[in-house]
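Student: These are the residues of each chain, in order.
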Amino acid sequence: MNWLRSSQMRKGLIYLALAVSAVVFIMPLWWAIISSLRPNDAIFRDLFPFSPRAFLPEPLTVEAYFGIFERGFGTIIWNTLMVAGLTTAFGLVVNGLAGYAFAVFNFPAKNTILAIVVVSFMLPFEAIAMPLYGVVQQLGWIDNVAALIVPSVANGLAVFLFYQFFRQVPKDYYEAARLEGAGPLRILWSVYVPLSMPTCISAGLMLFIFQWEAFLWPLLAMPAQEFKVIQVGMASFQEQYTTAWNELFGVAVITALIPIVLLLPLQRYYVQGLAGSGLKG
Amino acid sequence: MKRLTIPLAPIALLPALLGLALFRVYPIVLAVFESLFSTFRGERLFVGFENYILLLTDNGFWQSLWVTLWFNLIINPLQVALALLLALMFVQKVPFIGIFRFLFLIPIGVSLPVAVIIWRIMLLPDGLLNGFLGALGLPPLRFLTSPELALYSIIAIATWKGISYWMIFIIGGLQNISPEIHEAARLEGASSWQRLWLVTLPLLKPTLLFVLVADVTINFLLFAPIFMLTNGGPRNSTNVLMYEAYKSGFVFGDMGRAMAIVVILVALLLVIVGLQFWLLSGRRQGAAS
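Chains G and F, in that order, are what the protein sequence lines are. For our numbering, add 8 to where a residue sits in the first sequence, where the first one is 1. For our numbering, add 1 to where a residue sits in the second sequence, where the first one is 1.
If we strip away everything but chain F, and leave its shape as in the complex, we get:
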């Protein structure tokens, strides 16, 4: 456009840009800066990379990193796969589908803390789920208090809450695939199963990649269920890095360690997201050529 810069442009931009600079960009700079300091007897000291070096020799940190990675290795593929399944059901054209569509969308309105509260009572030793198990003649399970099960219970709750949200994006992607491609495949004699694998999924890859990346960024920093349900226990089995950072900063008052963990978390997140883009878009180009 040939229009000259009008004074309104800076005025219209200023509030949003100032807000983003102050409350999005500056905190990240601050985290890096603060991670180089330590508080000792009320005095703030510059310690360089000491917070990071201490973390590297800290078993608690490594355990927590392992829990975070394992948690994400399970929950993200699970959520994307289930969201895809749900989206494929959502777009079926069968009678009464409207009712099911409505029911599928319900968890979107339920916030994560609410989902956690309801599920927590359902998972009590004498709660609903153990009532079902009892009716099937099975012994009760300690869903949240046994180190073997707690992490998977959290995965189940977060997945119940999360997949309808991701389903929406996949529905958007499905609707973008033109019906003629499907019709052509049908005329060629492709079964519905073949159409799913050879037509729908390849065309859906960009959407699935977006969902996977966005899902990873959320689950990598998941906090509320761990805070509300297990406090990182039992025996640190649910002690993800985000919770470890919170504990360092707001329970033990060691902001330097907390910020160092946050910086490591963000760096890991960037590496993982970058890796996903590289792997998945690279493979897509390979398939296209």
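The shape of chain G in the complex, shown without the other chains:
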């Protein structure tokens, strides 16, 4: 009986810990969603004195979302989707090709080059953002969309993920396709790519989310802010209209929901890709 009691207590403690963590994680987003659905003057109403009604959308209105689109956030969301989408598409091709070359071909100094590629993603992007400004300035790309897309296409981590996966494809497949007269590009497309869909998805998600969340670099590379992406747009919205709380919440909710909606069905691949890179890396 003593054992039963301790096991039940253990379970109770686990649930308590789970519930507390879940509340901490969900509360900010829940409050943001609720507040974006309330009129602006109702957002702080139930806080002093505090009432649980602060967590209910009451009165319910979607006026904040109309306001957001009137302020042109539709364009900003579209901009960000385009930048992130193009980076993902180009990134899959460029990094996939490089991963394939590292996995299948032999060439001089292969291991040294691979090591440099791997090291290149150990240094976070923020470290090079400011000197990168100098490079992009020399290219004449400041305030040009190319400055947001091109520097992010080549990604050491994505190359590494593809290399890791392609290396596991049995060499016999390559030889067999070779004997049937297929060229290396053809083999990549019809043998390696179909096999590596999970890797493509996890590398693609990584590239997409990286761009979706980018803040410092778009801030530096687009000083005129004629072409705005969502994270920077949100920050400048915060500065300019600090009293439109419900709209600010609405922008935050939209900005959070797009990657969440994308991650939900594909979460498994994202988790595998990340965990895999950590284990083997």
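Don't read these hints as lab results, they were simulated from the structure. Ideal placement from N, C-alpha and C gives every residue a C-beta, glycine not left out. Accuracy of the hints is not assured; some may be wrong.
Computed footprint of chain F on chain G; a stretch qualifies when at least three of its residues, placed anywhere within it, have a C-beta under 8 Å from a C-beta of chain F [as the list claims (entries may be wrong)]: (1) 36-46; (2) 127-136; (3) 148-155.
Place chain F on chain G using the hints.
Tutor: Then chain F, alone, in the frame of chain G:
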């Protein structure tokens, strides 16, 4: 492999290698180079190490370095410990765990700037958190406008956003530990607490080291929350080096100073990461022998 070099190899490699060389390696070289120059009345002059020497005698720089180190000394162990705790909860096999797992993953989809916006409104003097404090009969706190609290508020926000991400890596590590080891320990009569300390944690050390190193590299250069919330204030209490570098370069137009700070940041980062590898892998070998 005995295959001859085929022309496709260089063509397949070129875009990625060119991109990495131009947009990853070259900026670092440029930072070192630019840090040796100064702009005086619109003229670019070679000044050698003067930017660095000026930094060494600059109180603002030392204050900023101190804030950066203190910030990292707190946030990184905190995040790794909480991520480990979260991962251990995530892998529990209890009913309804799926719902909790889903909720734990939510902050991954929320970008740091979004988290900052939401938390900023929650931390306002008349915001949600002070509403809770009021309900408990406590006086309101100035989370972001008092020099004593601002840095810790930023730590809290970044930790809320960050730990689910690090949790994923630790889950990967936990799943790599074979269940038989646990079963053996259980048969030997080890309590779950003993199994955690004597089996799980030692086997998890490589994963935890990876997470700690990756976490340090990110937090050492954390920028968005400081830019969006405090601009380095109040009274420079949140003025980390990354923000100081940004200010020098893009507010005061002193690129030489900015680049010198970036070079120092990267050098410090390399030293700290190297130190972590040396300390932790050295201890691991000691434990194994």
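Student: Does each hint fit the structure? Answer for all of them.
Tutor: The hints, checked one at a time:
no. : hint    : verdict
1   : 36-46   : holds (count 5)
2   : 127-136 : holds (count 7)
3   : 148-155 : violated (count 0)
Checked against the numbered hints above, the structure violates only hint 3.
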